[in-house]
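2 protein chains.
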Amino acid sequence: MKFEIIHKSKKSRARVGKIHTPHGTIDTPSFVAVGTNGTLKALSNQMVEEIGLQLMFCNTYHLLLQPGIEVVREAGGLHSFINRKQPLITDSGGFQVFSLAYGSVQNELKSRGQKKGDGCLLKISEEGALFRSYRDGAKILLTPESSIQAQKDLGADIIIPLDELPPYHIEHDELKKSLARTHRWEKRSLDAHLKNPNNQAIYGVIHGGIDPELRKLSCETLTDLPFDGYAIGGSVGKNRDELRELVSFTRPLLPDEKPNHLLGIGDLPSIEELVPLGIDTFDSSYPTRAARHGFLLTHDGGIKISSTKHAKTFSPIEKECSCPTCEHYSLAYLHHLFKARETTALTLASIHNLHYMVSLMDHYRTQILQDQI
Amino acid sequence: MKFEIIHKSKKSRARVGKIHTPHGTIDTPSFVAVGTNGTLKALSNQMVEEIGLQLMFCNTYHLLLQPGIEVVREAGGLHSFINRKQPLITDSGGFQVFSLAYGSVQNELKSRGQKKGDGCLLKISEEGALFRSYRDGAKILLTPESSIQAQKDLGADIIIPLDELPPYHIEHDELKKSLARTHRWEKRSLDAHLKNPNNQAIYGVIHGGIDPELRKLSCETLTDLPFDGYAIGGSVGKNRDELRELVSFTRPLLPDEKPNHLLGIGDLPSIEELVPLGIDTFDSSYPTRAARHGFLLTHDGGIKISSTKHAKTFSPIEKECSCPTCEHYSLAYLHHLFKARETTALTLASIHNLHYMVSLMDHYRTQILQDQI
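Residue numbers (the numbering used here), protein chains in the order written: chain A, 10 to 382; chain B, 10 to 382.
One thing to keep in mind: the hints can contain errors.
Same chains, same label: a pair holds when it works inside one copy or across any pair of copies.
Stated by the list, open to error - DMTMM-like mimics (lysine to aspartate or glutamate), calculated; alpha carbons at most 20 Å apart, straight line:
id : residue 1 : residue 2
1  : K321      : E83
2  : K27       : D371
3  : K247      : D220
4  : K204      : D182
5  : K11       : D265
6  : K267      : D36
7  : K186      : E266
Read the hints as simulated data drawn from the structure, not as lab findings.
The shape of chain A in the complex, shown without the other chains (with noise of 0.2 Å):
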């Protein structure tokens, strides 16, 4: 992998990057869906090329228990099994070994910590974490080094080590405590990664939840360590303001010279204050489960395609798309569908709302090249 700066803006830390890998190029900054399983939900890989989406994550985890590893070995790897061309990224599994634990990030904020997953984590110890697969009840442990391997085994451009993630409620010692042993996890891990690089990058993944302290440390331990990019990972705080917040006072920490990704972050309102501050890729599932949900992306706030508004509404989504779905179809065509509960919905919904993603990104990139954000 090669990091190549294009631009940096005059008026913020925003900058303008190509992150080539042996799949080819990301733009940045750049948004990376989610395709948990190896596609994105209601979507086809064929579908995602075309539309142009440039990085796709997928979940070691879910991987794992389904189809498992060894078919994607077997296959040739992730790209050969799920036959994307484009670049892939993999996470380690434990984001979600985790919240099976902790629940999920949303419910255990709500829930002020007092509500626990109700998943099978049976055991973290300094060799790893022991949990039962939900698919036939087998014990499973993750450690770095098998996450390496499974990654290796997967094959995406850009692997990221094994963490623990502490729950937003969490006391400072407890947060001090998994925060060394995530780093020495993360060094382990880095150790498997070199040991056969595979063409693969690694990124470090910087935590300390929202403590400053913690944080910093996290950044001078990681950055230490040959990395080829970071994240920034764990609990990234309760609110948007704190998210900002952190990623002010984190990003600072990292090394200009290297791409760095924000985990899980994918909101509009988000990606719009955070990539001044300096941020290259951001992932979420947000925009294709929004469109699940009936929610597509538009430059004035969003439309929800139920309104009964949209019932005779024979223009596109927005008139200047120009995505497969609002070149084809009304909203009130898309509205009738989602009333109709036809999976279709959710595809046409899919299409716009990535296409979306990716032409916002492009257009920050022409923002930052002008030094205008």
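Assemble the complex: chain A is given as a structure, and chain B must be docked to it using the hints.
Chain B alone, transformed into the frame defined by chain A:
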């Protein structure tokens, strides 16, 4: 509409023809896919166009209730509303209204007439059928004239008169009465149509259940009227033997110079048996429904995609198949998507099965041209 016979087989009653409509040509024998709500399930009309489906069947009953005929009329008709450039056929709405009373064809057959539908058919009279909308509880009277008016507003290339659908299990006297009323309804439908032909064709629907005398009466009565073609409807038997017998008897009573259609039958063995008997078009939701249930059509009996034996089959569904699914994806990937319950799987499987039907009918036409069937 103009029907052109290209070739009559020397070996059977099979023929190759072309139905010319205002929205293009239908090569017969042809498979007609069912897009109840103005879309094939899990496919966009753009995909369906690319696959080359020449005639799509939409259901007036469903469109009447959602989005409502007024919306479609304001959109400029169904072709415009759903953005389909190729031919469309709509039914009268009667089939669904009567299914509400008698239960679906399969349930009625299974229950030997004991089980009724739980629907909302309120009253059948000489005037028409009164039913309650499942959407808003409103009472709707479907008459020959209102059905034709709805189909005028929808603007399909081929429309169907209102008929009653008596169940398979019915007393002879009841069936006779129903048939007489259906004939009166069809005549009224035709009269309403002829007041405003609107460049649409109308097919008379032959009834009479499995009673040869009544079928004969129906053919005589309706072929005396200037319908543009004929559909074989009503109960067509409880199994394939009864179906074949019925078509063998009925088909020769229909005029050769007009196109004919078999309503609601489209499984592979039936098509294979009935093409030589001279059926021109077949509609069925079977191929797309089978796809959604993970059954893929192939030349050697089909594939149950969820079977574990396909977990590592890294070749396409069929090597010779030129559909977008077989072009891009392996059985192993499709197996994985079904196991992971990704709706993408439904789309990819539906593409294959629809393409299979289009290719199959093309193959039958070639065989007929060569007098092989």
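Quick rundown of the hints versus the structure:
1. K321 with E83: between (51 Å within a copy, 8 Å between copies)
2. K27 with D371: within (12 Å within a copy, 48 Å between copies)
3. K247 with D220: within (13 Å within a copy, 72 Å between copies)
4. K204 with D182: neither (34 Å within a copy, 85 Å between copies)
5. K11 with D265: within (13 Å within a copy, 71 Å between copies)
6. K267 with D36: Close inside one copy (14 Å), not across copies (60 Å); limit 20 Å.
7. K186 with E266: neither (30 Å within a copy, 85 Å between copies)
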